[in-house]
Amino acid sequence: MHEKTVEAGVLEPCLEMKGLDFWYGDTQALKGIDLVVPRHRITALIGPSGCGKSTVLRCINRMNELIEGTRHEGRIVLDGRDIFDDDVDPVALRRHIGMVFQKPNPFPKSIYDNIAYGVRLSRKVGKTEMDRVVQDALEKAHLWDEVKDRLKSPATGLSGGQQQRLCIARALAVKPRVLLMDEPCSALDPIATAKIEDLLLELRDEVTIIIVTHSMQQAARVSDYTAFFYLGELIEHGPTRRIFESPNEQLTERYITGRFG
Amino acid sequence: MTTPGPFAPDAALRRRQTKEKLAQGLLFTASSMSVLILAVLLGRLLWDGLPAIDWGFLTAKYSPLALLTGTTGIGDAIVASAVILVFTMLFAVPLGVAGAIYLNEYAPKGRLTRMIETTIANLAGVPSVVYGLLGLAIFVRFLQVGANMLAAALTLGVLILPIIIVSSQEALRAVPNQLRDASFGLGATKWQTVRHHVLPYALPGILTGNILALSRAAGETAPLLVIGLPVYTTMVGVGPLDPGTPLQTRIFFLASDPRATVQELAAGAVVVLLAVTLLLNLAAIVLRHRLSKRIKW
Amino acid sequence: MTRTKTSEGTAPVDRGVPLFGRKSIDVGARGADALMRGVFFLGGVFVLFVAAAIVWVLLDNSVGFFSFVSPVEFFFHDVWHAVEGANAQYGIWPLVSGTLLVAAGAALIGLPLGLATAIYLAEYASPRIRGFLKPVIEVLAGIPSIVFGFFALAVISPLVQGATAPGTFLGGLFGNAGVFSAANAMIVVGIMVLPIVTSISEDALRSVPQHLREASLALGATRWETVRNVVLPSAVSGVAASFVLAVSRAIGETMAVTMAAGTQAKLTANPVDAIQTMTAFIAQKTSGDTPHQGPGFLSLFAVGAALFAFTFIMNVLAQRFVRRYREVET
Ligand SMILES: Nc1ncnc2c1ncn2[C@@H]1O[C@H](COP(=O)(O)OP(=O)(O)O)[C@@H](O)[C@H]1O
Ligand SMILES: [Mg+2]
Chain A
1 MHEKTVEAGV
11 LEPCLEMKGL
21 DFWYGDTQAL
31 KGIDLVVPRH
41 RITALIGPSG
51 CGKSTVLRCI
61 NRMNELIEGT
71 RHEGRIVLDG
81 RDIFDDDVDP
91 VALRRHIGMV
101 FQKPNPFPKS
111 IYDNIAYGVR
121 LSRKVGKTEM
131 DRVVQDALEK
141 AHLWDEVKDR
151 LKSPATGLSG
161 GQQQRLCIAR
171 ALAVKPRVLL
181 MDEPCSALDP
191 IATAKIEDLL
201 LELRDEVTII
211 IVTHSMQQAA
221 RVSDYTAFFY
231 LGELIEHGPT
241 RRIFESPNEQ
251 LTERYITGRF
261 G
Chain B
1 MTTPGPFAPD
11 AALRRRQTKE
21 KLAQGLLFTA
31 SSMSVLILAV
41 LLGRLLWDGL
51 PAIDWGFLTA
61 KYSPLALLTG
71 TTGIGDAIVA
81 SAVILVFTML
91 FAVPLGVAGA
101 IYLNEYAPKG
111 RLTRMIETTI
121 ANLAGVPSVV
131 YGLLGLAIFV
141 RFLQVGANML
151 AAALTLGVLI
161 LPIIIVSSQE
171 ALRAVPNQLR
181 DASFGLGATK
191 WQTVRHHVLP
201 YALPGILTGN
211 ILALSRAAGE
221 TAPLLVIGLP
231 VYTTMVGVGP
241 LDPGTPLQTR
251 IFFLASDPRA
261 TVQELAAGAV
271 VVLLAVTLLL
281 NLAAIVLRHR
291 LSKRIKW
Chain C
1 MTRTKTSEGT
11 APVDRGVPLF
21 GRKSIDVGAR
31 GADALMRGVF
41 FLGGVFVLFV
51 AAAIVWVLLD
61 NSVGFFSFVS
71 PVEFFFHDVW
81 HAVEGANAQY
91 GIWPLVSGTL
101 LVAAGAALIG
111 LPLGLATAIY
121 LAEYASPRIR
131 GFLKPVIEVL
141 AGIPSIVFGF
151 FALAVISPLV
161 QGATAPGTFL
171 GGLFGNAGVF
181 SAANAMIVVG
191 IMVLPIVTSI
201 SEDALRSVPQ
211 HLREASLALG
221 ATRWETVRNV
231 VLPSAVSGVA
241 ASFVLAVSRA
251 IGETMAVTMA
261 AGTQAKLTAN
271 PVDAIQTMTA
281 FIAQKTSGDT
291 PHQGPGFLSL
301 FAVGAALFAF
311 TFIMNVLAQR
321 FVRRYREVET
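Protein chains in written order, with the working numbering: chain A, 1 to 261; chain B, 1 to 297; chain C, 1 to 330.
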């Protein structure tokens with residue numbers, strides 16, 4: 001377990017969910033979620049498949065409202081603002097909340113343009129500045145040394161692990177406050193996974209990370225806090241060490257020890 | 001919570017969102033054009049054509065005298081259409097379905113097969129007048145069939161052949177391979193397998209494709225003009241070697257006459273043709289729909 | 001085919017196959033198998049005969065045509081006057097220009113509208129609007145071209161005449177259109193190719209993986225920015241294929257053009273002029289009482305060969321594009 005783990009009370013909250021319900025049509029996917037995500041820490045969401053982990057992530061950047069027939073109740077407060085407030089534009093919101101998906105999904109463009117894409121959307125950026133932004137993002141994603149000589153070649157030519165780090169760099173380039181990651185390593189081999197896990201530990205000082213993972217080991221290795229979901233409900237939430245060593249709920253214990261999943 | 005929040009749109013984003021709205025509006029407007037066009041087209045044709053349609057119009061045969069008074073009918077054209085379409089399908093369906101079966105069930109993956117498939121793709125893009133020239137040179141003149149309903153049927157048959165092959169192939173491809181394997185496993189020959197397992201399963205799909213091809217043939221006009229099928233005739237025969245003017249060429253003939261009374265007759269004939277083709281299309285769509293339901297099972 | 005028992009047609013299995021083991025495949029079954037293989041093979045290779053016949057008919061008669069008319073005249077002169085007798089002139093340019101004028105005008109109308117509709121359908125439309133719009137497009141695609149020809153005469157021609165009447169801005173710019181004009185044909189053919197562009201482009205747009213859209217939206221792009229910067233570039237070869245096929249269809253379209261554009265082969269770029277396309281020439285010339293010989297008759301095939309060449313090249317190009325986007329898809 002990670003040494004930096006600190007108790008929640010000491011930390012400033014970055015994001016808070018208050019009584020969050022969510023429906024896809026008639027099926028309720030989330031039920032009264034109350035969750036505090038501390039700033040500059042890594043929070044892992046775990047739970048059996050279909051329990052609503054991805055739905056939580058996609059509520060935070062309001063990607064779920066692009067699906068026909070969805071509906072929510074409750075609040076998500078990011079830095080003191082309810083993201084569902086009337087004056088919040090989801091497009092503006094998403095600039096502050098990066099997302100990395102399960103399968104690496106670089107655009108079929110050059111490595112450089114992948115990083116530049118998000119930055120260019122909101123403002124004109126000169127070439128020298130953009131070069132710096134691209135290098136910066138790639139360095140943070142531990143990718144710079146591997147690709148600096150082929151920035152103009154297609155991103156789809158990279159290996160899976162490199163692609164995923166490129167996607168992380170792409171998200172970091174717009175300087176988000178929060179980084180959402182939905183099982184970012186499930187399509188990668190162990191070595192590529194290890195690289196990304198190292199990366200996450202470093203990024204912690206820069207962004208607040210929420211990572212969905214189906215791997216208990218991964219949650220234990222990288223996260224400071226862990227939230228366990230079951231059937232759309234948040235069963236238990238706390239410092240990772242405590243959750244793994246002495247869970248309060250029997251359900252949590254059974255899941256962590258691999259008795260269902 | 002009163003100052004504009006960090007997630008409120010700034011000026012730049014407001015501009016981008018305006019663009020978004022604009023794009024959405026333009027795309028919606030462009031899409032509505034198709035609806036508008038179809039509405040105007042159907043509305044206008046029905047408005048002009050329906051008054052001309054009565055029992056007499058549908059059954060009377062063409063006569064130049066009746067044309068003068070604007071009372072001639074399309075009965076003979078309907079008969080000619082039916083005769084031509086029957087022979088078209090008699091010619092094209094067996095050939096096309098056989099071709100599809102060969103390609104999907106028998107053909108080895110090789111040069112010849114690839115050549116056939118490329119050829120079919122290219123034939124599908126050949127303009128219909130060129131099929132007319134083919135019919136004129138081969139059926140009318142070289143084979144001495146003459147400019148009659150049989151030549152028309154053969155020409156249309158060749159024209160819809162690629163459509164039939166491609167759609168039948170699609171239907172055959174949808175047959176699960178386990179079905180074939182099960183049959184072969186029982187020691188059946190290829191033909192027995194195709195006949196007892198593949199064809200029955202693919203039949204609705206094949207039928208759908210053939211109906212669409214039929215609807216195409218029912219409206220195709222240019223090749224019939226090119227082979228020299230008369231645009232009007234007072235002879236009414238139902239034999240394939242008789243001349244005959246099917247609906248589509250009759251429309252061409254009537255529409256070229258600027259007199260208002262004749263234009264109304266043309267509109268009437270258009271409505272009848274449109275009804276036939278749209279009903280055929282509808283039948284195909286319904287059939288396909290039921291088919292897709294069955295596949296889910 | 002007709003031998004298949006259709007009464008039990010849809011039941012896929014359950015047809016008790018009475019064969020167990022090799023011995024029971026009797027000579028009859030083997031014979032039938034070989035026979036049917038032959039029958040199907042003939043069906044398969046028949047299209048090769050058709051293609052060969054088309055090429056042969058066009059080439060053979062074109063060769064005949066050029067024994068009357070010099071290729072220099074055909075390819076380089078700019079008067080087309082295909083009458084019987086000595087004062088006939090066979091410079092194909094007026095027909096080519098008429099064809100290209102109509103195709104260009106149709107493209108100007110049909111491509112943007114068709115693509116916009118495709119984008120709306122693939123990226124914006126709710127399932128309900130889609131369920132309404134798709135059939136409309138399909139119906140439009142199923143309407144015979146003779147019907148569009150009649151529509152062009154009855155509805156579009158009066159509109160064009162009105163828009164270019166003396167005293168109007170367009171009338172001042174282009175001149176006044178008569179009953180027949182290239183503009184009529186442009187508009188109606190534009191409408192006719194719209195469904196082609198829409199259905200093929202929509203297919204291409206839909207085949208762009210959803211995760212690319214999500215990546216863009218999650219970075220704070222609007223939908224339109226996502227469409228423009230991510231979806232369209234990924235679908236570009238499919239969209240290109242739809243454009244090329246649509247233009248090819250416009251070039252090959254016959255009845256609507258024959259009825260709407262007139263019968264005067266004229267080298268012009270003015271849309272209010274009455275013109276003649278290659279296809280319209282073929283349809284109009286053959287529907288008259290033409291003797292089946294001589295340069296006038298044979299010119300049909302020379303023009304047909306030129307038309308075939310145009311559309312063939314475009315179709316090959318379109319197939320290239322389609323193949324490319326199929327590859328990207330996988
Ligand atoms: N687009 C959708 N439409 C309808 N139901 C959905 C959709 N996405 C997810 N669900 C349902 O919501 C529940 C939670 O799904 P999800 O958040 O993806 O779970 P997890 O990521 O934990 O595996 C599941 O029951 C799933 O079937
Ligand atoms: Mg998930």
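Because the hints were derived from the structure by calculation, they are not lab data. Every value quoted in this text rests on a predicted model; they were computed, and no experiment measured them. Think of the CB as a built atom: it goes at the ideal place given N, C-alpha and C, for glycine as much as any other residue. One thing to keep in mind: the hints can contain errors.
Stated by the list, open to error - Here's a subset of chain A near chain B, in silico, CB distances under 8 Å, partners left out: (1) His-72; (2) Glu-73; (3) Arg-81; (4) Val-88; (5) Leu-93.
Here is how each hint holds up against the structure:
1. Contact between A:His-72 and chain B, as hinted, is not supported at the beta carbon level, the nearest pair being about 16 Å apart and thus beyond 8 Å.
2. Checking A:Glu-73 against chain B by beta carbon gives a least distance of about 20 Å; that is not within 8 Å, so the hint is violated.
3. The beta carbon of A:Arg-81 is positioned within 8 Å of a beta carbon in chain B (closest approach about 5 Å), and the interface hint is therefore held.
4. With its C-beta approaching chain B no nearer than about 4 Å, A:Val-88 sits inside the 8 Å limit, and its interface hint holds.
5. Interface hint at A:Leu-93: satisfied, since its Cβ lies 4 Å from the closest Cβ of chain B, which is below the 8 Å cut-off.
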